[in-house]
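Student: If you're matching them up, the sequences are chains E and X in order. Residues 0 to 206 (numbering that gives the first Met the number 0) are what the first sequence spells out, left to right. Residues 0 to 300 (numbering that gives the first Met the number 0) are what the second sequence spells out, left to right.
Any given hint could turn out to be false.
As the list claims (entries may be wrong) - Simulated pairs of lysine-lysine, BS3-like, Cα-Cα distance not exceeding 25 angstroms:
id : chain 1 : residue 1 : chain 2 : residue 2
1  : E       : Lys-128   : X       : Lys-189
2  : X       : Lys-120   : X       : Lys-145
3  : X       : Lys-150   : E       : Lys-128
4  : X       : Lys-15    : X       : Lys-108
5  : E       : Lys-128   : X       : Lys-72
6  : E       : Lys-28    : X       : Lys-71
7  : X       : Lys-81    : X       : Lys-71
8  : E       : Lys-19    : X       : Lys-269
9  : E       : Lys-48    : X       : Lys-269
10 : X       : Lys-189   : E       : Lys-28
11 : E       : Lys-27    : X       : Lys-189
Calculated directly from the structure, the hints in this document are not laboratory data.
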Amino acid sequence: MRNPYEVLGIREGASVDEIKRAYKELVKKYHPDQYRNNPLSELAEEKLKEINQAYDYLMKQYEKSGSQYRNQSSSYGSNSGYGNDTSLYSQIRMNIMNGNIQAAETLLNRVTMKDAEWHYLRGLIFMRKGWYNEAVNSINTAVNMDPSNMEYRDALNRIAYANNRYQAYGYDRRYSAGGPDLCTMCQCLICSDCCCECMGGDLINCI
Amino acid sequence: MKKIGLFMFGYILPDKGEMKIKEYELFRAYYCGVCKSMGKSFGPLCRFALNYDSVFLGMLLSSINKESVSLKKEPCIANPLKRKWVVKNSNSVDFSADINIILTYYKFKDDWTDEKSYLAKLGQIVISPGYKRALNCSKEAESHIKKSLEKLHALESQRCSSMDIAADPFGELIKGIISIGCNWDNDKKKEAVEWLGYNIGKWIYIIDAFDDIEKDIEKNSYNPLLLQYMYKDEEVNEFKNRIRDEVRFNLIHTLAQAASAFELLDMNNKSIIENILYLGMDKKTKSVLEGRSCNKDEKSL
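One chain only, chain E, in its complex shape (with noise of 0.2 angstroms):
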């Protein structure tokens, strides 16, 4: 086993708190959600897996009683089951999820009936292979063919959300990373204005 501390990113000796927050922080990282339909999924399940034991070693270590979420870890990782297909889609499926592009692309080249599943499929498949863009479009023709289908809609608004994560990760790193923001100068600012008219003096003379 690696060194749990390095495994969460933080330093040795680092306080329960400070553990939970890093092993929170990865956990919503690798969350299989942000690796759906992706073909790095089973790394990230694996990753996962050691975060999800470096944190249990720790607070073992520190003897609390940290199981609220080691609960809630076991439960990420298997996908959820599907349903109510034909038994050609159901395959089709069964393939995209093992990672077996081709034969999926191949099965469902023999559909011929283009539902709205069928769309979707293709959308994945299309997913997997890193065509993002064709990949919408038919997800799009699928949504559109049966509005009422939340899962069609969810994989939309996954690859959405994947792009908003990416910005705001980057817009984190630029603006929290150390420095005070706006709002804590400013508030310092004011104090410190209370500060100097307690003793008599003044330095922002317009507050």
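Please arrange chain X on chain E, whose structure you already have, making use of the hints.
Tutor: Structure of chain X alone, referenced to chain E:
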């Protein structure tokens, strides 16, 4: 579009303002390392072919391979008085220099056959001995590049009208190069590295396609975006406004996928690569989409 020139453009840059000084220095050292390696193996003239994308390639591979590189202070032809840090003893940096030469050779060759540009012919002649030497070192990479470029050309002559399909061979090209340059000890990691490579290649292709819209309309050359969004003699800016949001969505999603692969990898220099993936490339996406890619303010590092 001049597809082969893609990799030579230098879209992949860190966001310098967000770097720590030590990160910046190390990135520079890789830059000088690739440049020196090209000079040493292929003669000083070849060093003009240096670009940021191959610096990124060299640094990425070196980081994934967890090379223990050594740094040395050396003078430089471009600035003989000032000694600069240079990365030494890095196979990845040498590999990247080879790839750079091979791609440059193909670019010149392509320019010569397409446009009969004498400058390109001259370039081809100058670089040809270097190309042969690089060929010996990276036979596998060369044949992979050749195969991918052939596919790219085929799609171009079929006038492929889907950016995803048109970009696929270039994604495969970068994926293959990175995959060849890695020392594998874990098959699982291979998947992540390849996904990273594929998405980076794809991003370069699409962003270059958007960047070239004006030029390609003027010269009436192939550009998948013009075909996919059915350009019809409209004002260039109108066309760009029409497609901008969708292209942005695709570019950002490509980067998000690349980032998701990056997060699974264990490598050196994580903070620099992270800066490039999350900040530098995001910034570049914005600047190209808003049409400021040739901004004079953009200083070289």
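Student: Compare the structure with each hint and give your call.
Tutor: We went through each hint and held it up to the structure:
1. E:Lys-128 x X:Lys-189: With a Cα-Cα distance of about 16 angstroms, the restraint between Lys-128 (chain E) and Lys-189 (chain X) holds, given a limit of 25 angstroms.
2. X:Lys-120 x X:Lys-145: Holds - the C-alpha atoms of Lys-145 (chain X) and Lys-120 (chain X) are around 19 angstroms apart, at most 25 angstroms.
3. X:Lys-150 x E:Lys-128: Within the cut-off at roughly 17 angstroms; holds.
4. X:Lys-15 x X:Lys-108: Answer violated: Lys-15 (chain X) to Lys-108 (chain X) is near 34 angstroms, above 25 angstroms.
5. E:Lys-128 x X:Lys-72: violated (44 angstroms)
6. E:Lys-28 x X:Lys-71: violated (38 angstroms)
7. X:Lys-81 x X:Lys-71: Within the cut-off at roughly 13 angstroms; holds.
8. E:Lys-19 x X:Lys-269: holds (23 angstroms)
9. E:Lys-48 x X:Lys-269: Roughly 22 angstroms separates the two Cα atoms, so the pair holds.
10. X:Lys-189 x E:Lys-28: Distance of about 20 angstroms is within 25 angstroms: holds.
11. E:Lys-27 x X:Lys-189: Holds. Lys-27 (chain E) to Lys-189 (chain X) sits at ~24 angstroms (cutoff 25 angstroms).
Checked against the numbered hints listed earlier, the structure breaks hints 4, 5, 6; every other hint is satisfied.
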